[in-house]
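If you count the sequence shown from 1, position 107 lands on 99 in my numbering, and the numbers rise without skipping.
FYI, nobody ran anything at the bench for these hints, they're computed from the structure.
All figures in this text were calculated on a predicted structure; none of them were measured in a lab.
Hints should not be assumed to be uniformly reliable.
As the list claims (entries may be wrong) - Here are the simulated DMTMM-like pairs of lysine to aspartate or glutamate, each with C-alpha atoms no more than 20 Å apart in a straight line:
1) Lys93 / Glu122
2) Lys166 / Glu208
3) Lys152 / Glu122
4) Lys94 / Glu76
5) Lys38 / Glu21
6) Lys260 / Glu245
7) Lys146 / Asp172
8) Lys238 / Glu252
What the hints assert, rightly or not - Using C-beta positions, here's what the derived DEER-type ranges look like:
9) Asn44 / Gly182: 21 to 31 Å
10) Arg78 / Glu208: 19 to 29 Å
11) Gly182 / Pro19: 19 to 29 Å
12) Gln205 / Ala258: 17 to 27 Å
13) Glu252 / Glu34: 46 to 56 Å
14) Arg78 / Lys260: 45 to 55 Å
15) Lys12 / Asp163: 29 to 39 Å
16) Ala261 / Pro19: 45 to 55 Å
17) Ser66 / Asp163: 30 to 40 Å
18) Lys231 / Thr202: 50 to 60 Å
19) Lys254 / Arg78: 20 to 30 Å
20) Glu76 / His234: 39 to 49 Å
We put the CB at the ideal spot given by N, CA and C, even for glycine.
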Amino acid sequence: MTFSEMTNVNAIAYNNEKTKKMMEKSPLESPFFVQIAANNVENAIKAVEIINDMKEIDGIDINLGCPVNKARRSGFGGVLLKDENRDFLKEVVSAIVKTSKKPVSAKMRIGFDKSVVEDRAKLLEDLGVEFLTIHGRTVKQMYKGKADYDEIKKGVKAVKIPVIANGDITDYEKAEYVLDYTEAVGVSIGRGAVGKPWIFLEMKQKGSITPQQKKEVILEHFNQMVYWYGEYGVILFRKHAHAYSKGIPKASEFRSKMNEVKESNAAKALIEEYF
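Work out the full structure: start from the sequences and follow the hints.
Written out as structure tokens, the structure reads:
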């Protein structure tokens, strides 16, 4: 399943065009959950009512993990895991669950500056959240250090609802280890797919992919970028082309050519040639 990037309930409630674009679903994504961040109960309810009418969206995921300063200052995301925000967390999650006509899940970190994973996981379960994704760091850690799989395991044990493990999952072997160690029902991958979208194919076939498969995934990504953004997708794809070309013969030559090309057929021919 896939989740949208984090969307702000205030922007949804006020019909922000950019936010509507962020909530769009590809025909290839099913099931698809829109992830929302809330710092206002009234707007959370309005946003959920809007999502209720969007038939293409299968569910709502509540963000309780975003660690960036802007989110902290605005009072949404991971800051809701603070002890002083526990009552508001309860109020806003309860309002979302009661208003939603679709399944509601939550993505959380293990705590703000210390682990409260068992308490908050149980609280979310009691409020009617149907499954959890737990990232094995505190909010304060940002992305420093390593994901703590012992804490994810505590979260799994604390609840009866399904728990998905998240954090530092970069290949099939790591996913197998995390599933076995934490006893989570699945893994969620975010940063591990950046520069390596074939990670999901590796999961599917339980091991490394062939160079031909890698080329097919790169071309698929390129085609989807052009489909979504038009010819501007060629320019936006440059940063991905740089990441994908690490370790291939004549990588610097490929990168410099990709930096100059602006037309999709020419860019596609370069990918075909170098991969």
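Open item on the list: Between the alpha carbons of Lys146 and Asp172, is the straight-line distance 20 Å or under?
Closed with: holds (14 Å)
TODO: Could you see if the CB distance from Asn44 to Gly182 stays within 21 to 31 Å?
DONE: holds (26 Å)
Open item on the list: Assuming the hint says 19 to 29 Å, is it satisfied by the Cβ distance from Gly182 to Pro19 or not?
Closed with: holds (22 Å)
Open item on the list: Given the hint of 50 to 60 Å, is the C-beta distance from Lys231 to Thr202 inside that range or not?
Closed with: violated (25 Å)
Open item on the list: Hinted pair, alpha-carbon criterion (20 Å max): Lys166, Glu208. Please report holds or violated.
Closed with: Not OK: Lys166 and Glu208 at ~24 Å, beyond 20 Å, violated.
Open item on the list: Lys260 and Glu245 were given as a pair; does the straight-line alpha-carbon distance stay at or below 20 Å?
Closed with: Given pair Lys260, Glu245 holds - Cα atoms ~15 Å apart, limit 20 Å.
Task: 20 Å limit on alpha-carbon distance, applied to hinted pair Lys94 and Glu76 - done: violated (29 Å)
Task: Cβ separation of Gln205 and Ala258, checked against the hinted range 17 to 27 Å - done: The hinted range 17 to 27 Å holds for Gln205 and Ala258, with Cβ atoms some 24 Å apart.
TODO: Can you let me know if the beta-carbon spacing of Ala261 and Pro19 is within 45 to 55 Å?
DONE: violated (27 Å)
Task: Cβ distance range 46 to 56 Å for Glu252 and Glu34, holds or violated - done: holds (51 Å)
Open item on the list: Holds or violated: the 19 to 29 Å window for the beta-carbon distance between Arg78 and Glu208?
Closed with: Since Arg78 and Glu208 have Cβ atoms about 48 Å apart, the given range 19 to 29 Å is violated.
TODO: Please test the hint of 39 to 49 Å on the beta carbon pair from Glu76 and His234.
DONE: Distance hint for Glu76, His234 holds at roughly 44 Å.
Violated hints, listed in ascending order, are 2, 4, 5, 10, 16, 18, 19; each of the other numbered hints is respected by the structure.
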